[in-house]
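Peer 1: What follows is the residue order along each chain.
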Amino acid sequence: MDILIPNSWLREFLNTKATPKKIAEYLSLCGPSVEKVTKESNDSVYLIEITTNRVDAAGVVGLAREAAAILPRFNIPAKFVPPKIKSNQKLVLRVPYLTARVDHALCPRFTAVLIKNVTIKESTKIIQERIKAVGLRPINNVVDISNYLMHEFAQPLHTFDYDKIKGKTMLLRASKAGEKITTLDEKTHTLPGGDIVIEDGDGRLIDLAGIMGGENSAVDENTKNVLLFVQTYNPINIRATSMTLAHRTEAVSLFEKDLDPELVEPVIRRGIDLFEGLCDGKAESEILDIYPNPYKTKKVTTTLDFIQMRLGVPIPKQEVSAILSSLDFSPKWTRNTLEVFIPSSRSRDIWAPEDLIEEVARLYGYHNLPSMLMSGKTPDPLPDAPFELETRVKHILKGWGGIEVYTLSLTSADNVDLEKRHSWALKLRNPLGSDSEYLRTSLVPSLASVAQQNAGEKEPFHLFEMSNVYLPIRGKLPEEKMVLGGIFVGHDYREVKGIIEALLKDLNIEATFKTQDAGGFLLNHRISITSKKEDIGQLGVLTQNKFIYYEFYMELLRKSLTPRSFHPIPKYPTHVEDISLVLPPRTLLGPVIDVIKNTDAHVVSVELIDIYQDTQTLRIAYLDPNKTLTDKEIEKIREKIIKVISSKFGIHVK
Amino acid sequence: MIIMEERIQNLKNEALAQIMSAQSLEELENLRITFLGRRGELNTLTQQLRTLTPEERVTVGRMINDVKGVIENALVEQRQQLSEKREGKWFDPTIPGIKPKAGHLHLVTAAIEEISNTFEKIGFVRVRYPEVEWDWFAFESLNMPKNHPARDDWETFFVDAPPHPKYGQMVLTPHTSSGQVREMERVKRPPIRMINIAKCYRRQSDISHVPMFHQFEGLVIDEGISIVHLRGTLDYFARNFFGSNRRTRLRPYHFQFTEPSFEVDVTCGVCNGRGCKLCKSGWLELGGAGMVHPVVLKNGGIDSNKYTGFAFGWGVERTYMMKQDLNIPDIRLLYSSDLRFLRQF
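Chains as they are written, first to last, in the numbering used here: chain A, 1 to 654; chain B, 1 to 345.
Simulated from the structure, these hints should not be mistaken for laboratory data. Don't be surprised by glycine CBs; every beta carbon is placed ideally from N, CA and C. Just so you know, not all the hints are guaranteed correct.
As the list claims (entries may be wrong) - A few chain A positions that, by computed beta-carbon distances, are all more than 10 Å from chain B:
1) Asn7
2) Thr188
3) Lys257
4) Lys398
5) Ser528
6) Ile593
7) Asn598
8) Leu629
Stated by the list, open to error - One side of the interface only, derived from the structure: several residues of chain A facing chain B at Cβ under 10 Å:
9) Tyr470
10) Pro472
11) Val582
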């Protein structure tokens, strides 16, 4: 949470010559982070980020304590000035002016005091200025005092119009589901149950405790007697109620962080001082205090060894003690064992020796610690790591003109895959919008969309992406399958297939192509790519816009990799010749080439080198590793080939 | 002797005439042999110097040498002219080339590669843990019980799927810290040096936030690991990634899963830590870090009495943009599909 603290207010509790700039700098290095210092009229205001574990420093007094401990570490003298408290009423278990029954699980400390004959009027100038400086509006002395003390101590207070509390009775309990209450802001809430509420003698709910007071018990311009009310609440109930009702106040953001009950006493006493001083009221002689489990000083034990090891410096015992004492901890050394007594204000944050290490280290100064890399044994590599192949493939594609894009994993229902099958895909409960509601099961729609967006491009382009798709598995996390998807716009199909073939060759993967139709692709315009009996990818022309799309499944690709081995350079020449074929209509050339390759072991390559009208010319290479093939032998192989392809495919050879 | 001079003059004129009208390199070569060869015209004349007086020898000798030079130059020039003619045009070496089709890898890929390489050099193992995770790994095992206010800091996307009996709700992980306990379970016994780089998701979209982004998470667990080693590792990264004169510093912060916790700053590249218009204080915020909380170690099955560790988790995009001075005003541009953006890197 972010808080505003005026410098002049801070100086009431902090005696130092340090400038606001220096205070901000040093606080940030050793304590709460000062995000900004703004100059306003003749004062400066600090904007401070308070982490959830340091609610003790979320007020002026707590911050002054931190500054008083930190500044001397930079050789700037600083002293904490405790708040001056005049009132000295006794704390008692029973008072004549109020009967209270309290559920202690919900409210660990309940205090209240009656202040009679108040005059509602404007607050003094200083209080109004400070209220404004912390971002609030001054309203009247009663409201302002509550806000003022809340900011001074980071402890919320509440005030009731005493005369509106029927029967002078308060019952603090958990609400039942369905109960209703109208709060000060005139909103009526239906409670979910389990919320902390206060019921008066007439059975009315008069307070949504910790969150906002009830309208029916609020202080107004006619109020004569005020009940000043300072409590500690169970943070879990406060947060649950606030979240469910979507009602968040400054008091909530403090209470939900688990406040220190010991804070209640100084605050209610200060409250009495301010009410008597500024509202002309007179407080009763006794304060009601129901506090069945007062703080029992917590103790954390550690050793000098532990501290020195964790810090990495041989910090001496005296310095450890000095640091801890400056933070209100009470250290006690027995030889090299350290017992530290924790003040109540830090008892919710300090539990174990590690927490003490943070206190010592941050004041010692992280900037004063040495900096060294760890030595010693390094871990074993990750088996079957996919990263090297992923990087390699990306670089290959880049070299051939591919442009990498990253698209969002979340899509609309229609873009989950080519066939809009969103009912089986995972979807979010709280998406940002319906266009990013589903976890995609395919890259095609996203890439097609990107290609479409760039349709104005005059030059052909090739976009690719390597990302996970999310395939749901019942009862488990989805399979995150890494897919390489690419889309070609404005390219010839043979160019694209050439790149795919070249990629497979570079990876030394033996793959076969087989025609196979699938949804979203033009009929008869798609092949599946198989290696070692598994489908490792696909290539085809999409129905939409005739973009050419290809895909590879990276894990399967990795498994299909074969290491390269050396092949002895042939001693004898290859014989190369061209044959021109006329295929019957609708004959696929791929299978023909496969058959030719398998016809004879001497056929080492078959390339398509020309297409002219209905004639396709193949360049065939023959090789015998042990001798030069004679013309007669080549003729025999050629005849075999021609025989096979004519009979099998009805091909006419020119 | 005057006859000699006349003869030399005539030879020169004849040679030049024939050279100028030569049509091929072959012809030129023949001319060269004819006039300048061992048994060529000039040499024949040279041999006749014997018949002259010493003074005449000097003058005529000089003349012959001059003519030799003139003929040689003429031959060179004519050769060049014939070559140019053959080529068909004048050669211009400054002409723009025909570029091969250039591809582009995405900025994020470049960033991930560089970050990964930097850490792998000091023995880190690169991993990639699930983007769709259970609540246990994303929050609860990291010392954030259900309903803890600390969870608010990450605006989490929840998946509409039945919860796991042990691991809780299915979420899109908002940070790579979800990999910490996963790695502890995988390696089981330290040393652990993990660099987990993966996609994260947060329910936020504005000028400095995108709902899908990348983070890199470092985790080191071993005997005797202290804040000193965290500083050492962060300084190593800053020097290698940002530049050898860049330094890091730690400031107190709070995360539930580290104790102590820090925010890490790096010196500003523009003013080198002195303070300027860009950085104001001389430092730029990088991300969070801390010593692994003993509760987290326990949840990962690691004995916190024997082992300690540190962790840090930063945004890939943010960190890279800080290095390059890329001037990208809106982080959402990084995930643009416009070719005019993609082609810039």
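Peer 1: The structure should be examined with respect to each hint, and the outcome stated for every one.
Peer 2: Going through the hints against the structure:
no., hint, result
1, Asn7, "18 Å, holds"
2, Thr188, "26 Å, holds"
3, Lys257, "7 Å, violated"
4, Lys398, "4 Å, violated"
5, Ser528, "26 Å, holds"
6, Ile593, "27 Å, holds"
7, Asn598, "35 Å, holds"
8, Leu629, "38 Å, holds"
9, Tyr470, "6 Å, holds"
10, Pro472, "8 Å, holds"
11, Val582, "34 Å, violated"
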